[in-house]
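Everything in the sequence shown is counted per the numbering used here, starting at 316 for the first residue and increasing by one.
Derived by calculation from the structure, the hints in this document are not laboratory data. Only a predicted model underlies this, so the values are computations on that prediction, with no experimental measurement involved. The beta carbon of each residue, even a glycine, is placed where N, CA and C say it ideally should be. Any given hint could turn out to be false.
For lysine to any residue, the following SDA-like pairs were computed, each having C-alpha atoms within a straight-line distance of at most 25 Å [unchecked claim]:
| hint | residue 1 | residue 2 |
| --- | --- | --- |
| 1 | K423 | T436 |
| 2 | K464 | P699 |
| 3 | K601 | A487 |
Across the chosen pairs, the derived CB separations fall in these ranges [to be verified]:
| hint | residue 1 | residue 2 | range |
| --- | --- | --- | --- |
| 4 | K698 | P594 | 41 to 51 Å |
| 5 | R439 | G613 | 43 to 53 Å |
| 6 | P525 | S476 | 22 to 32 Å |
| 7 | I421 | D623 | 45 to 55 Å |
| 8 | Q442 | Q361 | 20 to 30 Å |
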Amino acid sequence: MKFGSRGAIRSVVTLVVCLGGTAGARGQAGTEAKPQMSEEAFKNVQVLRGISVDQFLGTMGFFAASLSLNCTDCHTAESGGSWARYADDTPLKNTARRMVVMVNAINKADFGGERKVTCYTCHRGSQRPEVTPSLAEQYGTPPPEDPDKVEILNGVANQPSAEQILDKYLQALGGAAQVAKLTSFVAKGSYTGFDTDFAKVPVEIYAKAPGLRTTVVHTLAGDNTTVYDGREGWVAAVDKPVPLMPLTGGDLEGARADADLAFPAQIKQEFSNWHGGFPAITINDKPVQVIEGTTAGGSSIKLYFDKDTGLLVRQVRYNNTVIGLTPTHVEYSDYRVVSGVKVPFHWTVTWVDGQSTTDLSTLQANVPIDGARFAKPAPAVPKPASASR
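Produce the entire structure from the sequences given, and follow the hints as far as they go.
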């Protein structure tokens, strides 16, 4: 993805090819029985209608990754400082609308409605699809394989089973019995990301088994809060076009995956259809073992374990947008022993809308946590401009 000014980076989460300004979103999200639709939250949505706000924004990320663009490349320059200006039409937005219609027509006519062709199929990170073969690419050194895209090979011999890899992981953490004793934690540390303009800010994480997790990032502009209560999830963030956004689809499954992986004692049960059979690959020059499972919502999730230590080093999951699958990967490191269990104190999340890094300084295990911590958050309220400086 191409990154321009920090203002553009900060708004890359809403590269909105068909997005307009907000349309009365405040005060409504908390009372709706179903997620707010894109055309209800934004103005001038002509093509990507009938999808939830978070899925709409995820689709914008797919456009960004496919064409290596950010928000103001497609929208007016003024949109970087005004949500309302995202409604303005531009030539690129109109082209994108036509392309979405074209791709949908191709898939319907030639592939029985299956999504075989997407923006990325032709663009591959370029604004203009290449029509002439590159001899430099043909005869040059092939680029390294992307570990996120590794697939199962038939006939791979002498590979441990998924169950064996998971057993080794639990043993590496401190043993299954000890891991099962970890039932809650409160952690504090620092966070950097697109939503903080890459400034290092405080973060708090509250987690409780099974499947409860709240993260509060204290940005200079106000608090960004993500909550998963075991069934539903929300993001209340000052950098989003709506102050409280329910999570749906792959975003909701991702929130659940993060909550479940924080307490891995039940990892075999929380996900299903675990299988191995992946070829040998490396991450950061270290051999890893890969297994794949299925989330409760039916999406694929891959876990990558250090072959030597047995520890989890990467998670890859997917969000099924209306345009195509978007990947998210989480890299874990700096494992430390807390109450007899190894816990990662550093992780980096990378997705098509951006990247964030969390470094923990403290983690208190098995502490009581008020259930209100996992309740639906209030809509985010930005700090006054003078207070955020």
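Could you work out which of the previously given hints the structure breaks and list their numbers from low to high?
2 and 5
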